[in-house]
Structures are given as structure tokens and as C-alpha cells.
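Mind docking these for me? Both chains are given alone in their own frames, and the hints should help you get the complex.
Going down the list, the sequences are from chains P and B. In terms of my numbering, the first sequence is residues 332 to 549. In terms of my numbering, the second sequence is residues 350 to 591.
What you were told as hints is all true, and nothing was included just to trick you.
If you want a taste of the chain P side facing chain B, the calculated C-beta under 8 Å gives, among others:
1. Phe475
2. Leu479
3. Gly482
4. Leu483
5. Leu489
6. Leu492
7. Leu493
8. Leu497
9. Pro500
10. Ile503
11. Ile528
12. Ala539
13. Ala543
14. Asn547
Some chain P residues well away from chain B (every beta-carbon gap over 10 Å; in silico):
15. Val362
16. Val368
17. Val385
18. Leu393
19. Ala400
20. Asp405
21. Gly406
22. Leu460
23. Gly515
Worth flagging that the hints you see were computed from the coordinates, not collected in a lab. As the structure is a prediction and not an experimental result, all values here were calculated from the model. All C-beta atoms, glycine included, are put in the ideal place defined by N, C-alpha and C.
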Amino acid sequence: MIALLWRDLRLAMRAGGGFGLGLAFFLLIAVLVPLGVGPEMSVLGRIAPGILWVGALLACLLSLDRIFALDMEDGSLDLLATAPIPLEGVVAVKALAHWLVTGLPLTLISPLLGILLNLSWAGQGWLLLSLLLGTPALSVIGAFGAALTVGLKRGGLLLSLLVLPLYVPTLIFGAEAVERGVRGADALTPLILLAGITAGSAALLPFAAAAAIRVNMR
Amino acid sequence: MSIWEYANPKKFMQTSEAILPWAAGFAALAMGVGLIWGFFFTPDDFRQGSTVKIIYLHVPAAMMAINIWIMMLVTSLIWLIRRHHVSALAAKAAAPIGLTMTLIALVTGALWGQPMWGTWWAWDPRLTSFLVLFLFYLGYIALWAAVEDPDTAADLTGVLCIVGSVFALLSRYAVNFWNQGLHQGASLSLDKQENVADVFWMPLVISIAGFVAFFVALVLLRTRTEIRARRLSALLARERMA
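So that you can see chain B by itself, here it is in the shape it has in the complex (with noise of 0.2 Å):
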């Protein structure tokens, strides 16, 4: 029993089956409780108000936006080593999951950005290199669309994904020397002494894994379209050859 058994697209269809349920009830659990309890159960900070909830979908989001390129960088690297279908899929199907993070990410700086910073953006490292990342999405997601071939469009996709990791992760830093940050620094760490107060603390974990649970659920889902569209294209191209 090894964990390539489930390249296998039958077995991947019948685990991803039995998963998706419990991922996605799991997730409408989590995120349920993290956020009303984050944003109705916790006492408003000292200096920011009660701006400070929205921590609990801008945190999360962020977090998910990077993981997911991570996700998809070793996905990219499964397909193109062990030319497992299932995974370059999977690859595809994080994409927009990817993209739409880092655009709640943004989106939820802003508003919180405006009242505090005064200003709805600011050319900040950490805001920076979400926007490039934005971008990477962007253009990951397009060449997956402008391909017409799936195998090319995976293959190129992926030496898209590795080159686009190196120089994502280049642009990090080359930000970090461009400009000062605004951004305050981690507010989850291992080292007790960056967390947020502990009072916050709770709801955000809980909101974090609503947050994983439910990309889990998304891209299982979306995996199984993907495949479910393959089959089909095939049945279609051996209708026509018969």
C-alpha cells in the first residue's frame, strides 16, 4: 500500500468520494464557529477597535494563498517526475482556489488598511509581494487556458509553477530591500512570544482549519470535475474515431 495508489484515478474518485463530505462539513464546522466566534465572542483590541476581526478571514487567507502555490509546486514537481494525471489536475484545480485567497487577502488588508494605516494601500513589502503573487496566479491560470493539449498545458504549466516559485520567493526578499514595511510582523508563530493576545488566539486557529478543511473540500471537488471532464473528452474523441 503505497500513497501512489491514489494517482490511480478510479481510487482517487472512490477515497476522494468518501473525503469530501466530511472535509466540506468539517469546514462549514470550523469556519462557522472560528468566525462567529471571532467576530462576536472576542473583545474589541485596545487601540485597533473592533477593526481588529477581521484577522479571522485575512490571516487564514493569506496563509491559504501561499500554501496553495506550495501545494501546487508539489504537485507540479509529482507530475513531472511521475507523470501522474491526477496530480497535475489537482495542480489546476488550486489554481483559482490560489488566486481567489490572495484576492481576499488583499481585499480584507485594504479595509482594515484604511481605517488604521489611513490608506486603503500602501507599497509595502508584504503587500507587494502579495499583489506579484496575484500576478503569478494570473498568468498560471492563463497558460493553463491558452493551452489546447492538456499533457502540454500540464508539462508547461509546471515548469511555469517551479521557474515561477524561485523568482516568487526572489521577489519576496528584493521587496524586503526596496521598501520599508508598514505591515506589523507574524501574528502566529511557534515562539509563544510573537502570538496574538490569547483571546484571539483560539477563534483564529479554528477559523484557520475551517479555512484548510474548506480548500480541501474545493479542490477535491474540483479534481474530481477535472477528471470527470477528462473522461468525458475521451468517451467524446472515441465516439468520433468509431
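So here's chain P without its partners, still in its complex pose (with noise of 0.2 Å):
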């Protein structure tokens, strides 16, 4: 699993892995809703949270294909499901891998962003607790999206259909964490329930992507 772990990573630095794509991605984001909505540092500090978030998320989308569709193809996918690690085993691992090259960056730059969005202090270390307990749960979920989706040769605009709805407790428990943040009130309730939907996600949804990706390679 760890060498399976490793390999991944490695496929994802490497040239054309897309690592860094994700981050240029909300990079870009922070720098086009100021663009959008006027350079006003109120509204911008007080919509930041949720930009942020909204941010995070899609950048997580961008690389979700990614995750089976070229193990997929070159076929390595079933040497994996005929390893013996169980599949449930492999979805973890990738979910983790693709967790360690677009949410953990992610999450790490975020501060930046937020100093230009106009964030509050008090906001970003909640913004950076809330990304690193909330990230994983995007990739996973996005694990099981890429599931679904990986028999289909053009499956990345309906991955993005399936995916987004089963993002919203997660952006909603994080974006509020963040924002309760910032105005001082109770942000720990949503911080746990995010933590909640991460852990029950990581626990129960490898199980569900490995029976897709079994019907799928039927």
C-alpha cells in the first residue's frame, strides 16, 4: 500500500501529472472574484470564507478524473484489483494520494489567498483547521465520483454533476466554521460536524467506490 502510495505521487509531480494545476486554479479564483465583485476590502473580507471554499472545492474537481481514468487506460487498474490489497484498500490509498498532491497544498496556501481576500486573522486559522479537516472528505467523496465515472470515455463534465451535489454538507460545515470564525462566534460545532462527515466519508466510501470500479471493469 505504501509503495502503491509512493507510486502515485510520484506520477503526480512528474511532468503532466497536474500537480500544481489545482493550486494555480485557486490561485486564479481568488484573483477573479476581487475582479468581479470590486475591489471593496469590506465585502470582499466578509464574502472571503465562502470563496475560499467554493475555491478549494472546484480546484479539488479539476484533478478528480484523474484519480482511475489513466490507470484505467494503460490497464494497471486491473493488475491493482487483482493485487493483493483489496480494491477497498486501493481506492483508500489514491483517495489519500490525490488528498496529498491538491487538498493538503490546498489547504497549506490558503493563508495567502485569505490576506488577499481580506480575511481576518481570527479567520484564518479556522480557514486553515477547517480546509485540513475538510479536504480529505472532498477527496474521497471525488474518489467515488471517479468511480462511478471511470468506464465512460468522456465522463468528466457528468463526474462534475454527480460530485458537486455530494459536496454540500462539506462546503456548508466548512464555509461556516470559517465564517463563524470571524465573528467570533461558535465555530466549533460546525468544525466537528465537517470533522464528522470527513471520517464517516473516509470510513464508508472506499467500499462504495470499489464496487463501482468492480462494474465498471465487468
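Quick look at the structure:
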């Protein structure tokens, strides 16, 4: 499993792996929103939690179809399916690899974008914490969506249609935690609920995703 | 004699053929009576005026929108566990009806909300979760349409329906948390205190019965169509083989 993790990370890091694309996209969103909304700092500061969360979600979405599609094309997914580790484990490792190359970097640069969007200092900590707790859920849910559409030739658009409604609870609790943090209200409750969603989906969704992959490989 | 006998397509076709006209007739009767009674023979509400009458479309459609998803969940589970094709086809047949019901609930709600709340749309928990439900229906139908092999499509949409149900429920409570509601509480409840006034109650219940029968008739009809389409493609495949 660790070997698989290293393989996926190396593949993502090397040329054409798409590492950094998500980050650039995230940065672009943080640049485009002020251009669209106007440079008023107080407005930006108020909508920053939502913008950053939506941005993180879309940036995450961008690289989802890579989780399984490339392995399906060159046949390595068939080998992984017949390997001694269970397919559920493969899914979990691949979701983890996806998180390490998209969710984690997104989380780490988010304070920088928070400054661009005039997020208050109180909000910064909550943003970092909520992204850290919430982005793993995005990767796992995304892995499930990718598993559903892995057999399709042009599944990209369908993948977003399937995955985005599933992101709703994560987005609500994540953005709410930051928003409450900015206001100085009780931000711990949404944060705990967010962590609950992450824990629940990380525990259960690999089974659903593995089932979907088995169906697609029939 | 067990319920699983109806999983046999031939048996299902026979039974549904017998039920279909009755369900359709009852639907027409109940919807006709409920809606006409509701629209023309109930008094105006003292605060909402005649706009209250949209309740006879709005409440049944909203109830059906949720219950059709639950029906799809049950049929998906039956398909995934017992592999009865009729069950998967019934789920497929129900989805567009559910989508339409969700849309009816949203549109009638907007029409009512404009004069009453002064806005077509508010980000109220109920409204928002219905919009999310609408997206779930869209994704489900799109996945059915995208996958070519019917059994693969049935499996994948079945898994999606189960996972989607969990997340739809989560979203329902998440939006509650996110915004306070503008929408009134339940119009119908087993608790008598919460019910709408008696004059509105009877036509509403008749109308709901009509919507249920309407759904049954439509879903039977659409499942029959699916089964016939499946038979046709099997015949064509056999033709090509020969």
C-alpha cells in the first residue's frame, strides 16, 4: 500500500501529472473574484470564507478524473484489482494520494489567498483548520465519483454533476466554520460536524467506490 | 405466493396491465376532484387570500418528490441485493417523474412566494434542500443516460442512489444549520394541532391521493415501456447473431 502511495505521488509530481494545476486554479479564483465583485475590502473580507471554500472545492474537482482514468487506460487498474491488497484499500490509498497533491497544498497556501481577500486574522486559523479537516472528505467523495464514471469515455462533465451535490454538506460546514470564526461566534460546532463528515466518508465511501470500480471492470 | 413473483417480467407485465387503467382512472378522478374542490370550493385564507390554493399542487408535489427518491432507494437496494431487473427498471422509470415533481414544487413555491414573501426565491433550508434534491435527480438521470450497458448502468446508479440518499439527508440537516427558515412548518401531520384548517384538509388529502395514483400509473407505464425496449433490443441482438 505504501508502494502504491509513493507510485501515485511520483506520477502526480512528474510532468503531465497535473500537480500545481489545482493550486494555480485556486489562485486564479482568488484573483478573479475581486475583479468581478470590486475591490472593496470590507465586502471581500465578508465573502472570503465562502469564496475560498468554493475555490478549494472546484480546484479539487479539477483533478478528480485522473484518480482512476489513467490507470484504467493503461491497464494498471486491472493489475491493482488482482493484487493482494483489497480494492477498497487501493481506493483509500488513491484518495489519500489525491489529497496529498491537491487538498494539502491548497490548505497550506490558503492563508496567502486569505490575505489577498482581506480575511481577518481570527478567520485565518479557522480557515486553515477547516480546510485541513474538510479537504480529505472532498478527495474521498471525489474518488467515489471518479469510480462511478471511470468506464466512460468523456466522463468529466458528468463527474462534476455527480460529485458537486455530494459536496454540499462539506462546503456548508467548512464555510460556516470560517464565517463563524471571523464573527467570533462558536466555530467549533461546524468544525466538529465537518470532521464527522470526513471521518464517515473516509470510512464508508471506499467500499462504495470499490463496488463501482468492480462493476465498471466487468 | 410471494411478492418476488412480480419480479418476473412476464408476471409484472400481466399484473401491471390489469392495474394500470385503474390507477390512471383513480388518479384522474382524485386529482380532478381534489384540485377543482380545492381551487373553486374552498374559502380564501384570511391572510393569504386566494394564493393559499396553490397548496393543492405544491404540497402533493413536494411529498412525491421526496417519496419517489425513497422508492428509488428501495428498488435500487432490491436490484443490488436480489438482481431483479424489473426493480432496476422501475427506479430508472421513476427518476424523471421525481425530477418533474421537484420542479413543480419549486415553481409553485416561487409563484406563491412572490406575493407572500415578496420574493421568488429565498435561501431557506427547505427551498435549498429541494434545489439540492433536484441536482441529485439530475445526476442520477445523467448517469443512467451516460452508461451504455444496461446492467452496468443499473449497478452504478444503484450505488449512486444509496450514497446520494445519505448525502441528501446530510444536506437537509446541514442547510438547517446554515440558515434560518422562512418556510412554514408541516401542513399535514399526525399531530392534529399542526394540521391545516379542516376546510383545506379534505381536498388536500384527496389531491395527495391523486398524485400518488398518478405516480403509480406513470411509473407502471414507464416500466412497461422499459421492459418492452429491453425485449426489443434483445430481439435485435438475437437477429444480428443469427
